[in-house]
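S.K.: Could you put together the complete structure from these sequences and hints?
If you read the sequence shown in the numbering used here, its first letter stands for residue 14, the second for the next number, and so on.
Hint data in this document are derived by calculation from the structure and do not stem from the laboratory.
Just so you know, even glycine gets a beta-carbon here, dropped at the ideal spot from N, CA and C.
All clues stand as given, with none of them false.
Label pairs and their in silico Cβ distance ranges:
id	residue 1	residue 2	range
1	Lys308	Leu171	34 to 40 Å
2	Gly281	Ile90	39 to 45 Å
3	Leu161	Ser113	23 to 29 Å
4	Gly262	Phe498	38 to 44 Å
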Amino acid sequence: MDKTNITVGQTRMLISKKDKIQKEGLKILKLIFMYAVGLMMGRAVIFNNMNPMAMAYFSAVYIDKKNRIWMFFSVLIGLLTAMPIIDALKYALIMILIVSVNSILDIKGKKPLLVHEGVIAATSCLIITITAGIIQNNVFDNMLVSLLESASIFSLVLIYGRGLKYLFEHEEDKKATNEILISEAIIMGTAVAGIADITVMGLGFIEIWIFSVILILGYRHGIGTGAIIGVISGIVLVLMGRYEPEIIGIFGMVGILSALFRELGKVGSIIGFSLGTIGLWYFISPLNLDFQIVKALIVSVGIFAILPNEQEQIYSMKKTSIEEDKYIDKVQGIISEKLNNFSDSFQNIAKTFEHISERRVNLTTEEVNKLLDDVAEKVCKDCSMCKMCWQKEFYDTYRTVFSIFSAVENKNQITEEDIPEVFIKKCIKPKEFIITTNRLFELYKINLTWENKIAENRQLISQQFYSVADIIDKLGNNLYKNIEFNTDLENKISEELKKDDILVKDVVVYKARNQRMEVSLKIKYDGDKTKSMKDITPVINKFTKKKMRLEEGCKYINGSKYCQVKFIESEVYRIAKGVARASKDYKDISGDSYTFLNLPKGQDIVALSDGMGTGLKAFKESKAAIELLEQLLEAGFDGETAIKMINSILVLKSSEQTFSTLDMGLVDRYTGVCEFVKIGAASSFIKRGNKVEVVKSTSLPMGMLNEIESESTTKNLRNGDMVIMVTDGILDCEDEEIDKEKWVEESLHKLDSRNPQDMADYILEAAREKTGGMLKDDMTVLVMRIWEKAG
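M.R.: Here is the structure:
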């Protein structure tokens with residue numbers, strides 16, 4: 014036993030020692046890299062005798078006390094190898110002045126911020142440069158140069174500082190923001206100026222450096238990082254006079270190519286990057302495409318190919334927390350604006366349909382005139398009295414015929430008694446006139462009926478568009494509202510999990526729109542075995558001060574890969590359900606349909622629909638209503654909007670009348686609040702101990718009218734309450750009772766059971782007994798019981 018324990022302990026010590034060695038090695042590599050960049054910055058001379066990059070880099074690094082001395086010598090060596098002694102002395106004096114001011118601040122116990130370092134560096138440059146101008150009797154020119162250089166130094170200190178600070182303090186599981194990646198990209202881009210004249214085995218080191226850095230960082234961190242490094246490198250090379258300005262665009266596009274093919278892996282990226290780079294160079298700047306460029310490209314591709322693959326990226330361009338992404342507000346605004354534009358478009362379409370959906374009762378004057386012309390065309394055209402009636406006596410004929418048409422509109426059909434005696438005496442075709450008028454008027458009325466039907470359908474379509482516009486508008490307004498992130502809890506949870514050897518790659522703690530806390534983690538276990546989420550849940554509960562539960566993700570984690578898990582607040586209440594059904598004449602098909610639906614955010618839906626009549630037709634109607642309700646609610650529509658859309662669909666569905674009732678109960682498992690929505694549905698009952706409460710409705714079923722009014726009632730349910738929902742087949746089984754709910758209330762008083770299925774069976778059997786076994790309608794009973802979860 015002891016021997017085993019010693020072996021395990023020794024193994025752990027070896028692993029721990031190995032980790033420490035790796036970390037120390039990484040620190041040493043970081044320091045070597047920073048000193049190398051310092052040397053390169055010292056050599057980064059622009060405009061023949063200016064080097065603001067070296068002073069900015071030195072000042073930004075100077076915040077870290079451990080690296081001050083060696084960084085001073087690194088930059089100084091770079092200056093001495095690239096500039097005349099007099100110019101190198103100027104920048105050496107600037108660095109000495111920076112060191113002196115910082116030393117005074119250190120003695121006084123004041124710690125300067127990055128912006129303060131920028132001011133110190135810029136002021137030091139200004140003082141030394143102006144002093145040099147006074148000595149050389151060239152104050153005016155030196156003043157302009159010193160102002161330009163000082164402004165550049167101040168800006169570069171702020172830019173470099175972000176990337177260098179991250180490099181100093183970087184931990185494996187801490188992600189870089191966009192600002193940090195941009196900062197490091199600019200450091201890499203400006204450092205190229207320091208290696209312009211260096212050659213390795215006849216190859217230009219500057220091109221190898223640029224291609225390698227762009228390809229490696231672009232591949233790992235995306236298009237943005239690659240493009241920035243390329244553009245900055247191009248600008249620096251132009252300022253050095255090494256290339257023409259078009260090189261900026263070439264290197265920028267090369268940076269985009271470095272990340273464009275990364276989904277294809279290393280091989281795909283190498284092929285795409287190489288062909289794309291040569292193609293760009295050939296078409297944009299063919300004179301600069303020589304064998305030197307091709308050789309540099311081949312070497313950089315080789316360097317990229319031999320680098321080991323990283324299983325996890327150190328940096329990430331994505332961060333779920335709003336506080337850590339400075340562009341998130343703009344993104345939210347754009348998305349909300351787009352959704353609102355979609356909503357406005359649907360509303361405009363709805364208004365258009367609404368304006369062309371007016372229904373009419375009578376024919377218009379134009380239609381009556383057209384009817385008159387049609388009758389005259391068919392009856393009077395070939396008549397020998399046509400000229401007499403419609404030319405010599407046109408006014409009297411027109412007035413008489415128009416009065417006849419008025420009688421047709423009122424009676425829908427005319428006879429000989431409805432025609433004036435004068436007209437009968439003059440007309441030689443009275444019977445043909447009457448028959449033709451009735452037949453053509455009937456056709457016009459049929460057309461009017463169909464036009465009204467089309468107008469009615471347009472009105473229903475208008476309602477559909479209004480409903481869609483409403484849901485899009487709500488989505489646009491509420492998509493990002495009321496989501497509160499808690500970075501303090503994120504850090505606490507992350508630190509606590511690390512103590513248990515749990516590596517946290519990402520953690521987000523936030524309150525959603527329903528004010529329920531959620532915790533999302535990307536974690537893996539760094540131990541020998543696996544770890545259960547049951548061991549992690551207490552940590553989440555401790556810091557959130559809520560009872561949380563695992564909603565989705567792995568139940569166990571190990572060291573093989575990171576696992577995404579999500580914890581949400583545990584619901585206060587649980588719901589048990591029961592159902593009992595019987596069909597009229599004991600047929601297999603019932604006209605009643607129901608559903609039990611679990612919605613996100615801790616909501617339960619219980620819905621019951623009764624189709625018109627019994628049998629297959631009623632079953633299809635009620636089933637259609639329930640299925641549509643399920644689909645709309647799961648898609649995110651609220652109950653009221655869903656019901657309006659279902660009603661319009663049922664009205665549009667066919668020329669036949671299709672009625673269906675809908676009885677819906679929406680229960681919040683966090684609060685116990687239940688919302689009853691009834692449309693032509695039978696009464697429901699709430700049993701609480703020995704008390705029974707009735708929830709009634711007087712609304713019409715769906716599918717009868719274009720505009721539907723739903724009745725909504727909200728009740729606060731308590732621990733142990735039972736909700737009973739029935740169709741009218743249950744209530745109508747007692748013919749002699751005026752108060753049809755009374756017998757159900759009495760039955761509920763008699764039964765003392767906490768089992769919802771027993772309750773449903775009991776009510777159904779009681780209804781059967783009252784009908785003597787001869788069911789007059791389909792019967793359905795839904796029962797749900799709510800109780801508070803223990804602990």
